[in-house]
Amino acid sequence: MVGMEVAGQNSNIVSARDLGVVACTRCTQVWPAGTQTCGRCGSTIVARDRLSLQRVWALWLVGLMCYVPANMYPMLQTRTLLSVQEDTIVGGAVELIHHGAVGIALIILIASVVIPIGKFMAIAFLAISVKRPSSVSNHHRQVLYEVVEYIGRWSMIDIFVVAIMSSLVQLNTLAAVNPGRASLFFALSVIFTMLSAQAFDSRMIWDVRARQEGTTTDE
Amino acid sequence: MDQPLPIPLDNLIVCTHCDAAFTLERPKVGQRAVCTRCGTVLITPRRKAGLQIIAVSVAITILIIAATVFPFLSISAAGATNSVSILDAALAFSDGPLVALALTTAALIIFVPLARVLLTIYVLVPIVLDRPPARGSTQAFRLAEALRPWSMAEIFVLGCAVALIKISDLADVAFGPAFWMFSGLVVLVVVQDNFLCRWSVWKSLDKTQTS
Numbered sequence: 024m025v026g027m028e029v030a031g032q033n034s035n036i037v038s039a040r041d042l043g044v045v046a047c048t049r050c051t052q053v054w055p056a057g058t059q060t061c062g063r064c065g066s067t068i069v070a071r072d073r074l075s076l077q078r079v080w081a082l083w084l085v086g087l088m089c090y091v092p093a094n095m096y097p098m099l100q101t102r103t104l105l106s107v108q109e110d111t112i113v114g115g116a117v118e119l120i121h122h123g124a125v126g127i128a129l130i131i132l133i134a135s136v137v138i139p140i141g142k143f144m145a146i147a148f149l150a151i152s153v154k155r156p157s158s159v160s161n162h163h164r165q166v167l168y169e170v171v172e173y174i175g176r177w178s179m180i181d182i183f184v185v186a187i188m189s190s191l192v193q194l195n196t197l198a199a200v201n202p203g204r205a206s207l208f209f210a211l212s213v214i215f216t217m218l219s220a221q222a223f224d225s226r227m228i229w230d231v232r233a234r235q236e237g238t239t240t241d242e
Numbered sequence: 003m004d005q006p007l008p009i010p011l012d013n014l015i016v017c018t019h020c021d022a023a024f025t026l027e028r029p030k031v032g033q034r035a036v037c038t039r040c041g042t043v044l045i046t047p048r049r050k051a052g053l054q055i056i057a058v059s060v061a062i063t064i065l066i067i068a069a070t071v072f073p074f075l076s077i078s079a080a081g082a083t084n085s086v087s088i089l090d091a092a093l094a095f096s097d098g099p100l101v102a103l104a105l106t107t108a109a110l111i112i113f114v115p116l117a118r119v120l121l122t123i124y125v126l127v128p129i130v131l132d133r134p135p136a137r138g139s140t141q142a143f144r145l146a147e148a149l150r151p152w153s154m155a156e157i158f159v160l161g162c163a164v165a166l167i168k169i170s171d172l173a174d175v176a177f178g179p180a181f182w183m184f185s186g187l188v189v190l191v192v193v194q195d196n197f198l199c200r201w202s203v204w205k206s207l208d209k210t211q212t213s
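Each protein sequence line maps, in turn, to chains S and L. Numbering-wise, our numbering puts 105 at position 82 of the first sequence, and it's gapless, one number per residue. Numbering-wise, our numbering puts 82 at position 80 of the second sequence, and it's gapless, one number per residue.
Keep in mind that the hints were calculated from the coordinates and are not lab data. As the structure is a computational prediction, the values presented were derived from the model and not from experiment. Positions of the beta carbon are idealized from the N, C-alpha and C atoms, including for glycine. It cannot be assumed that every hint is accurate.
Claimed, not checked - One side of the interface only, derived from the structure: several residues of chain S facing chain L at Cβ under 10 Å:
id, residue
1, Leu42
2, Pro55
3, Gly62
4, Arg73
5, Ser75
6, Leu76
7, Ile120
8, His122
9, Glu169
10, Ser189
11, Val192
12, Ala198
13, Leu211
14, Ser225
15, Arg226
Claimed, not checked - Listed next, the stretches of chain S that the computed footprint assigns to chain L, with coverage defined by at least 3 CB atoms under 8 Å from CB atoms of chain L:
id, segment
16, 83-89
17, 127-138
18, 143-149
Unchecked claim - Over 12 Å on every C-beta distance to chain S, these chain L residues come out as not near it, computed from the model:
id, residue
19, Leu14
20, Phe74
21, Ile77
22, Leu100
23, Leu120
24, Ala136
25, Phe143
26, Arg144
27, Val193
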């Protein structure tokens, strides 16, 4: 691994904005500050996305609103010869534990309950932490952001499970599995939280430190 | 803009995650350049990466098409059987408002991965052959990168495993040929993603365009 040489003469890391340049977030090409569109890839360039936080919160709220019906309505409807059973996300996992499939129940619970709720909290925390000083170090918050961005997609697993089961288990009168209304809301919730995480401009995490260091010199 | 910069712009590299600026130092083949502030990998050059990525991409294209057509899973219980392809699974949500969901799942599992691979081939072939980039290469590569988080083939495979265990006490489940193709495909997608050095691709798209 090669660490990059620090730009400028002093050993402190300089942010691009302080150098009077701005980098394209898509293709990393560097331009003079104030450039509007990247001349290489055509993306729009902003030094810091001023509206970033507004979009984060708006998408976050829509995601949260979709997550409520996703847990209230049934996710799966299982019809066998004798009975019709409708399971919510948590209900289905509890059912699995009764059947002895604890591992699978855990995967479902982690992917559909722990990760989404954790993600809502993590995005909210990040969005608040760039506005006011936080005790969590920048590096940890950067890691948190990357984890949120990476892991968010995995919540879709429950949708895929429902898709596979309801297409596969169609044995006429014997047994049939059909998707419930919750699946739509759940998918929407996952998509909106992914968009919310993407709207977050992670460069803002590091600006806070720069600002603090500007005022308190001993750190 | 108004004050002269100490370093020419082409010798600067900026970490897109934390906005730290560095003077560019090209790592040797096999080495990686990382941001010293947040640890993001900036450059990862690899010998003959272009050719390898194209080969892997072609393989992925063939596997996606084959895996979509062939039967994926089949179940049987008390004489009744049913087998489905991946497309059937994706289009399972077919009644009422769930149609939107069916299209979304189909896109996430099949069309987005396929589009990304085709775009990558389109961008990389001229670069590897030392030709000027094909028309719209920059837009194509930008789109391929933007689609990255929405390509969910690997999540679908784990979803399969979960679904199978859920079903297994209800009926007998058997794997079709497409299941193995799709599993192989997921490995290739991960390989392709990790071989690709975005910085190098953008650099070569830029160089060939201006000269």
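Verification of the hints:
1. Leu42: holds (5 Å)
2. Pro55: This hint holds: Pro55(S) lies near chain L, its Cβ roughly 4 Å from the closest one there, short of 10 Å.
3. Gly62: With a closest approach of 9 Å, the Gly62(S) hint holds.
4. Arg73: This interface hint is violated because 15 Å lies over the 10 Å limit.
5. Ser75: violated (13 Å)
6. Leu76: Hint on Leu76(S): violated, closest Cβ of chain L at ~16 Å, above 10 Å.
7. Ile120: violated (12 Å)
8. His122: Interface hint status for His122(S): holds (7 Å vs cutoff 10 Å).
9. Glu169: holds (8 Å)
10. Ser189: Since chain L brings a Cβ to about 4 Å from Ser189(S), closer than 10 Å, the hint holds.
11. Val192: holds (6 Å)
12. Ala198: holds (6 Å)
13. Leu211: holds (9 Å)
14. Ser225: With a closest approach of 5 Å, the Ser225(S) hint holds.
15. Arg226: holds (4 Å)
16. 83-89: violated (count 0)
17. 127-138: holds (count 3)
18. 143-149: Since 0 is below three, the answer is violated.
19. Leu14: violated (5 Å)
20. Phe74: Since the minimum Cβ distance to chain S is about 9 Å, Phe74(L) lies within 12 Å and the statement is violated.
21. Ile77: violated (6 Å)
22. Leu100: violated (6 Å)
23. Leu120: holds (19 Å)
24. Ala136: holds (15 Å)
25. Phe143: Phe143(L) not clear of chain S: closest Cβ-Cβ about 7 Å, inside 12 Å.
26. Arg144: Given that some Cβ of chain S is not farther than 12 Å from that of Arg144(L), nearest at about 5 Å, it is violated.
27. Val193: At roughly 18 Å from the nearest Cβ of chain S, Val193(L) sits farther out than 12 Å, so the non-interface label holds.
The structure fails to meet hints 4, 5, 6, 7, 16, 18, 19, 20, 21, 22, 25 and 26 from the earlier list, while all remaining hints are met.
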